[in-house]
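Participant: Chains as they are written, first to last, in this note's numbering: chain A, 11 to 128; chain B, 142 to 353.
The hints are simulated quantities; they were obtained by calculation from the structure and are not laboratory data. Each residue gets a CB set at the ideal place from its N, CA and C atoms; glycine is no exception. Watch out, some of these pointers could steer you wrong.
[Said to hold, decoys possible] Straight-line distance between alpha carbons at most 30 Å, and here's what the computed DSS-like set of lysine-lysine pairs gives:
#1 A:K30 x B:K215
#2 B:K153 x B:K323
#3 B:K323 x A:K90
[Stated by the list, open to error] Quick look at which bits of chain B chain A covers, simulated, 3 or more residues with Cβ under 8 Å:
#4 196-204
#5 242-249
#6 300-311
[What the hints assert, rightly or not] Here's a subset of chain A near chain B, in silico, CB distances under 10 Å, partners left out:
#7 T24
#8 E31
#9 Q54
#10 F79
#11 A101
#12 A109
#13 A116
Next come the chains, spelled out residue by residue.
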Amino acid sequence: MSGQAHNTDSQAETGQQERKELRAYGWGIGLALLLTVVPFGLVQWMAMPRFTLLIVIGAFALVQMLVHFRCFLHIGLRQKREDLQLILFSALLLTIMVAGTIWIMASLATRMAMPGSP
Amino acid sequence: MSPQAAMYQVNKYPGLNLGPGHGQDDEAAATVMFGFWVFLMSDAILFGMVFATYVTSLHGTAGGPGPHDLYDIKSIFIETMLLLASSFTFGMASLALKYKHGRIRLVSWMVVTLVLGIGFLGFELHDFSSMFAHGGVPSRSGFLSAFFDLVPLHGLHVTAGCIWLICLLGQIGRYGLDLKTKLGIMRLALFWHFLDIVWIAIFSVVYLGGLT
Chain A
11 MSGQAHNTDS
21 QAETGQQERK
31 ELRAYGWGIG
41 LALLLTVVPF
51 GLVQWMAMPR
61 FTLLIVIGAF
71 ALVQMLVHFR
81 CFLHIGLRQK
91 REDLQLILFS
101 ALLLTIMVAG
111 TIWIMASLAT
121 RMAMPGSP
Chain B
142 MSPQAAMYQV
152 NKYPGLNLGP
162 GHGQDDEAAA
172 TVMFGFWVFL
182 MSDAILFGMV
192 FATYVTSLHG
202 TAGGPGPHDL
212 YDIKSIFIET
222 MLLLASSFTF
232 GMASLALKYK
242 HGRIRLVSWM
252 VVTLVLGIGF
262 LGFELHDFSS
272 MFAHGGVPSR
282 SGFLSAFFDL
292 VPLHGLHVTA
302 GCIWLICLLG
312 QIGRYGLDLK
322 TKLGIMRLAL
332 FWHFLDIVWI
342 AIFSVVYLGG
352 LT
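With these hints in hand, go ahead and build the complete structure from the sequences.
Facilitator: Below, the structure is given as structure tokens:
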């Protein structure tokens, strides 16, 4: 392959790559908007049982976080370094520590509650 | 697909990779970006523990004002939109850096991001002052202490991000787009997108969860 041909070839590839990445940001903001507006709308206008609403808000938040990681931080399943493993490990630590804290403190609150206190 | 295009598919480090168009700089970025990523994950743990503190303090209002008396969903929605838009404009700045669209386009997107960030902070400060006006001060109850531990911690991060962005603008003006400036912009991009993810947790857990 001559140098000239290779050059135009890689230029076309770069343009293609750029459009692809621009589309990723477009998808990112579109999905993020949808995933934000729906829970706000539900809280503002919909009368739902509180527990169901909390579950729905949580699910939308988790999906939106995944969208941000994928489209804005460009974390994929094939990373050269341990970026993805580090997120998963941090998520594991967070789940253990946060869920554990909330569980223990809630249990403590019910066990220590004085009769007649709220 | 050529081998070069196939190589593109594997990200060498978190965030938008510079790619082979930047030669040596792409290699140099890998270590620095991974190191910054480790810091961000440790920051996520810190935020997570403050979230846990907040959730366990939810019932500790001590007869003071609660979420329904203090939170304003419209203002929170505006803040969310501002931060989300700023994440997108920073993405455009990252693209301008990667594909060498020139300094003017890069700086313009960065300035738009800065304005959106400052707008977010303005709305947040307005929220806090109206909470104060309704008796929602940190010393009022355990719940309010935990609230003012969590939400302003994120606000402080955004403030730090804005100051960092101004410094980078100065760096671009003084040194141009050398390796150090590029790495600074790329790390701030990670930081900025990360703060938007933390904000998802804040508006979902604190505000929407509190207003159900």
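Participant: Interface hint check: A:A109, Cβ to nearest Cβ on chain B, cutoff 10 Å. Holds or violated?
Facilitator: Interface hint status for A:A109: holds (8 Å vs cutoff 10 Å).
Participant: Hey, does the A:E31 contact hint survive, CB to chain B under 10 Å?
Facilitator: holds (6 Å)
Participant: Count the residues of the stretch 242-249 of chain B whose Cβ falls closer than 8 Å to any Cβ of chain A, and tell me whether that reaches three.
Facilitator: As far as the stretch 242-249 of chain B goes, the hint is violated, because 0 residues have Cβ atoms under 8 Å from chain A.
Participant: May I ask you to test the interface hint for A:A116 with respect to chain B, counting a Cβ-Cβ separation under 10 Å as satisfied?
Facilitator: holds (7 Å)
Participant: Given the hinted pair A:K30 and B:K215, is their Cα-Cα distance within 30 Å?
Facilitator: Not OK: A:K30 and B:K215 at ~35 Å, beyond 30 Å, violated.
Participant: Less than 10 Å between beta-carbons is the criterion; does A:Q54 satisfy it with respect to chain B?
Facilitator: Holds - the Cβ of A:Q54 comes within 10 Å of chain B, reaching about 6 Å at its closest.
Participant: Taking 8 Å as the Cβ threshold, is the statement that the stretch 300-311 of chain B is covered by chain A upheld or broken by the three-residue rule?
Facilitator: Per the Cβ count (0), the hint is violated.
Participant: Mind checking, does the stretch 196-204 of chain B have 3 or more residues with a CB under 8 Å from chain A?
Facilitator: holds (count 3)
Participant: Taken at face value, is the distance from the CA of B:K323 to the CA of B:K153 at most 30 Å?
Facilitator: Holds. B:K153 to B:K323 sits at ~16 Å (cutoff 30 Å).
Participant: How about A:T24: closest beta carbon in chain B under 10 Å, or not?
Facilitator: holds (7 Å)
Participant: Is the Cα-Cα distance between B:K323 and A:K90 30 Å or less?
Facilitator: holds (20 Å)
Participant: Hey, does the A:F79 contact hint survive, CB to chain B under 10 Å?
Facilitator: Status holds, d = 7 Å.
Of the numbered hints listed earlier, those contradicted by the structure are 1, 5 and 6.
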